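Visitor: As a plain string of letters, each chain reads:
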Amino acid sequence: MKNYFQNIWQSITTLLIGLGITIKHMFKARKGNVTLQYPEEKWPRPERNIGFDPKNYNIIRSKLHVDIDDCIGCRKCERACPVGCIKIDALKVPKETDLGLTSSGTTKRLLISRFDIDMTECMFCNLCTYPCPEDCIFMTGGPNSEKQPLDYEYSQYDRSRLIFKFANVTKNDIRRITTAPPVQQEIL
Amino acid sequence: MTIDNIIQWFQSWFPVNVMVLFITSVLIAAVVIFAIMAVNALVAVYAERKISAFMQDRVGPMGQGPGLHAGKWGLLQTIADTIKLILKEDIIPKAADKKLFIIAPFIIFLGAFIALAAMPFGPYLIASDMNIGIFYILAVSSFGVIGIILAAWSSDNKWSLYGGMRSAAQIISYEIPAALSLVSVLLLTSTLSMQGIIQSQAGTVWGFLPNWNIFNNPFSFLAFFIYFIAGVAETNRTPFDIPEAESELVAGFHTEYSGMRWAFFFLSEYGNMLVVCGLTVVAFLGGWQSPIAGVMEGAWWGLFWFLTKLTATIFIMIWFRWTFPRLRVDQLMNVAWKILLPIALFNLFGVAIWTLLVG
Numbered sequence: 001m002k003n004y005f006q007n008i009w010q011s012i013t014t015l016l017i018g019l020g021i022t023i024k025h026m027f028k029a030r031k032g033n034v035t036l037q038y039p040e041e042k043w044p045r046p047e048r049n050i051g052f053d054p055k056n057y058n059i060i061r062s063k064l065h066v067d068i069d070d071c072i073g074c075r076k077c078e079r080a081c082p083v084g085c086i087k088i089d090a091l092k093v094p095k096e097t098d099l100g101l102t103s104s105g106t107t108k109r110l111l112i113s114r115f116d117i118d119m120t121e122c123m124f125c126n127l128c129t130y131p132c133p134e135d136c137i138f139m140t141g142g143p144n145s146e147k148q149p150l151d152y153e154y155s156q157y158d159r160s161r162l163i164f165k166f167a168n169v170t171k172n173d174i175r176r177i178t179t180a181p182p183v184q185q186e187i188l
Numbered sequence: 001m002t003i004d005n006i007i008q009w010f011q012s013w014f015p016v017n018v019m020v021l022f023i024t025s026v027l028i029a030a031v032v033i034f035a036i037m038a039v040n041a042l043v044a045v046y047a048e049r050k051i052s053a054f055m056q057d058r059v060g061p062m063g064q065g066p067g068l069h070a071g072k073w074g075l076l077q078t079i080a081d082t083i084k085l086i087l088k089e090d091i092i093p094k095a096a097d098k099k100l101f102i103i104a105p106f107i108i109f110l111g112a113f114i115a116l117a118a119m120p121f122g123p124y125l126i127a128s129d130m131n132i133g134i135f136y137i138l139a140v141s142s143f144g145v146i147g148i149i150l151a152a153w154s155s156d157n158k159w160s161l162y163g164g165m166r167s168a169a170q171i172i173s174y175e176i177p178a179a180l181s182l183v184s185v186l187l188l189t190s191t192l193s194m195q196g197i198i199q200s201q202a203g204t205v206w207g208f209l210p211n212w213n214i215f216n217n218p219f220s221f222l223a224f225f226i227y228f229i230a231g232v233a234e235t236n237r238t239p240f241d242i243p244e245a246e247s248e249l250v251a252g253f254h255t256e257y258s259g260m261r262w263a264f265f266f267l268s269e270y271g272n273m274l275v276v277c278g279l280t281v282v283a284f285l286g287g288w289q290s291p292i293a294g295v296m297e298g299a300w301w302g303l304f305w306f307l308t309k310l311t312a313t314i315f316i317m318i319w320f321r322w323t324f325p326r327l328r329v330d331q332l333m334n335v336a337w338k339i340l341l342p343i344a345l346f347n348l349f350g351v352a353i354w355t356l357l358v359g
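Same order as they appear, the protein sequences are chains A and B. Under the working numbering, read the first sequence as residues 1 to 188, first letter to last. Under the working numbering, read the second sequence as residues 1 to 359, first letter to last.
Worth double-checking, as some hints may not be accurate.
Stated by the list, open to error - Below, in silico cross-link-like pairs of lysine to aspartate or glutamate (EDC-like), each with a Cα-Cα straight-line distance of 16 Å or less:
1) A/31 with B/57
2) A/24 with B/175
3) A/108 with A/153
4) A/108 with A/121
5) A/42 with A/134
6) A/76 with A/151
7) A/28 with B/57
8) B/72 with A/40
9) A/147 with A/69
Worth flagging that the hints you see were computed from the coordinates, not collected in a lab. Quick caveat: nothing in here was measured; it's all calculated off a predicted structure.
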C-alpha cells in the first residue's frame with residue numbers, strides 16, 4: 001500500500017519537473033533556439049587551409065568558372081577532363097581579324113563559339129585547371145576569390161540549367177567574323 | 001441561440017412548413033459547428049507546431065513573407081497544408097474493405113461533430129440545450145471508437161489493426177474514470193443540462209475563489225485532474241497515443257489513409273480535443289462564468305471567458321504532448337484500472353459524503 005502511494009507521488013513530482021523544463025524552454029525560445037533560417041542566414045564558412053604553402057592546394061571544390069575573355073581556345077582543359085564534361089568549339093578566324101589580347105598578353109587567334117561545362121557530370125577533380133596556360137579556368141572561391149567569389153549553392157529546378165554556357169559570342173558575331181574575306185591561314 | 005430559437009425567429013418571418021424550418025435551422029447550426037471545428041483545427045495545428053518548436057528550442061514554421069514561404073512567422077502554414085491535403089491523391093488499398101474504408105473517417109468525425117451540438121459556448125450560444133446534455137456528450141463521443149475500429153479493420157493491415165484494437169481498449173478503459181469523475185460533479189450540481197451545470201457554478205466560495213466545481217471541495221479538485229488525464233487518453237494524444245504510436249505502428253489506424261480522408265482523422269482529433277476541453281471547462285472550470293463574480297458578465301463576455309478557458313486547457317494538452325514520453329500498453333492499462341479508477345471511486349464516495357454533510 002505504501003509502495004502504491006509512493007509510486008503515484010513519485011510519478012506526479014517527476015512529471016511536474018518535466019513540465020517545468022518544457023515551459024522554461026518555451027519562454028526563452030527566442031534566445032536559445034538552435035535553428036538557422038537557411039536561405040536568409042548562413043553559417044560562416046570555415047577557413048580552408050590544409051597546411052601547404054602552394055596556394056593551389058587550398059583550392060575549394062566549388063564550381064568551375066571560366067574567364068572567357070582570357071580563353072585562347074587551346075582545348076587543354078577539355079582533353080584533361082576525365083569525364084568529358086567540358087565541351088569547346090573554337091572557330092578559325094581570318095588572319096586580319098583582331099580578337100584582342102588576354103590579360104597576360106597572349107594574342108587570341110580562335111573564336112570560342114561554345115564553352116559548356118556540365119556541372120552534373122563534373123567530379124570536381126580540378127584537373128582541368130592545371131594545364132590552362134592562361135589560368136582562365138578555375139574553381140570559384142578560395143585562392144581565386146578575388147577573381148570570382150565563392151559560389152557553391154547553384155542548385156536548379158532543371159538538370160539542363162546545370163550546363164553552364166560561358167561562350168559569349170552570338171550567332172551574328174560568328175557569321176560576321178567567319179565570313180570576312182577569305183585569307184590564307186596559318187595552321188596553328 | 002439554440003436551434004429552437006432559430007426556428008422561432010424564422011417562423012416569425014417565413015410562415016412555412018415547420019419541417020422545412022427545422023431542417024434549415026439544423027443545417028445552420030451544423031455549418032456553424034463545422035466552422036468552429038475547422039477554425040479550431042487550423043489554429044490548434046499552428047499553435048501545436050509553434051509551441052512544440054519553442055519547447056524544443058526550434059523556431060517552427062517560419063517564413064519571411066507571403067508566397068512560398070507560408071506567410072510571416074509561418075502563419076499560413078496550416079492553410080498551405082490543407083490545400084496540399086485536398087490536392088493529394090485519395091488512395092484506397094486493393095485489399096481494403098472499400099465501403100468501410102470510405103466511411104470510417106467520417107464516422108470518427110461524426111463523434112466529435114455531434115458532441116459539440118450540446119457544447120455551450122456562451123450563455124445563449126448552444127445548438128441544443130437538452131436536459132441530458134452531459135450524458136449525451138459522454139454517449140456520443142464514444143462513437144469515435146467505432147470509426148477507429150472500422151478504419152483499422154477495413155485497412156487490412158496488421159499495424160492498423162493493432163492500433164485500432166489498442167485504441168478501443170484504451171478508450172473503453174478511460175471512459176470509466178472519466179465518467180465517474182463527471183458523476184461526482186453531477187452530485188454537486190444535481191442537473192445533467194450543460195447550461196444548468198454552468199449556472200450552478202455562479203458566485204464565490206471561501207469568500208474569494210469563484211464557485212467553480214474544481215474549488216468546491218477537495219474531492220472535486222481531485223476529480224478535475226482525473227477527468228483531464230482520462231480525457232487526454234480519450235483523445236488518443238501523447239502520452240496516451242499508443243493507437244498511432246509512430247515508432248511502433250507507423251501511424252496506427254490511419255496508416256493506409258491519405259489526402260482528404262486522412263485530414264478528417266486529423267480534424268476529428270482536434271475536434272475531440274475541443275470536446276474534452278470544453279467538457280472540462282463546463283464541468284470543472286465554470287464554463288462561461290467570469291472568474292470574478294459579478295465582473296465582466298454578459299453574453300459576449302461569456303463567450304470570451306469560455307474561449308479563454310478552452311484555449312488554456314487546449315494549451316495544457318499540447319504542453320503534455322510535448323513533455324511526456326508515450327506509455328507502454330501495460331502501463332497504460334495500469335494507470336487506468338489500478339490508479340485512476342480507485343481514486344475516482346473514492347472521489348465519488350467523498351463527494352457524496354460532502355454533499356450530504358456540507359450541502
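Visitor: Look at each hint and say if it fits the structure.
Guide: Do the hints match the structure? See the list:
Simply put, residue 31 of chain A and residue 57 of chain B have alpha-carbon atoms about 9 Å apart, close enough for the 16 Å limit, and the pair holds. This hinted pair does not check out: residue 24 of chain A and residue 175 of chain B have alpha carbons roughly 33 Å apart, beyond 16 Å. For a cut-off of 16 Å, the pair hint linking residue 108 of chain A to residue 153 of chain A is broken: about 33 Å separates their Cα positions. Of the supplied pair hints, the one linking residue 108 of chain A and residue 121 of chain A is violated, its CA atoms being roughly 29 Å apart against a limit of 16 Å.
With a C-alpha separation of about 34 Å, the suggested pairing of residue 42 of chain A with residue 134 of chain A is violated against the 16 Å cut-off. Annotation: proposed proximity of residue 76 of chain A to residue 151 of chain A is violated, straight-line Cα distance about 24 Å (limit 16 Å). A threshold of 16 Å between alpha carbons decides the hint, and for residue 28 of chain A with residue 57 of chain B the separation of about 8 Å falls inside it, so the pair holds. With a CA separation close to 14 Å, the supplied pair residue 72 of chain B and residue 40 of chain A stays within the 16 Å bound.
A threshold of 16 Å between alpha carbons decides the hint, and for residue 147 of chain A with residue 69 of chain A the separation of about 13 Å falls inside it, so the pair holds.
Going down the numbered hints, you'll see the structure goes against 2, 3, 4, 5, 6, while the others check out.
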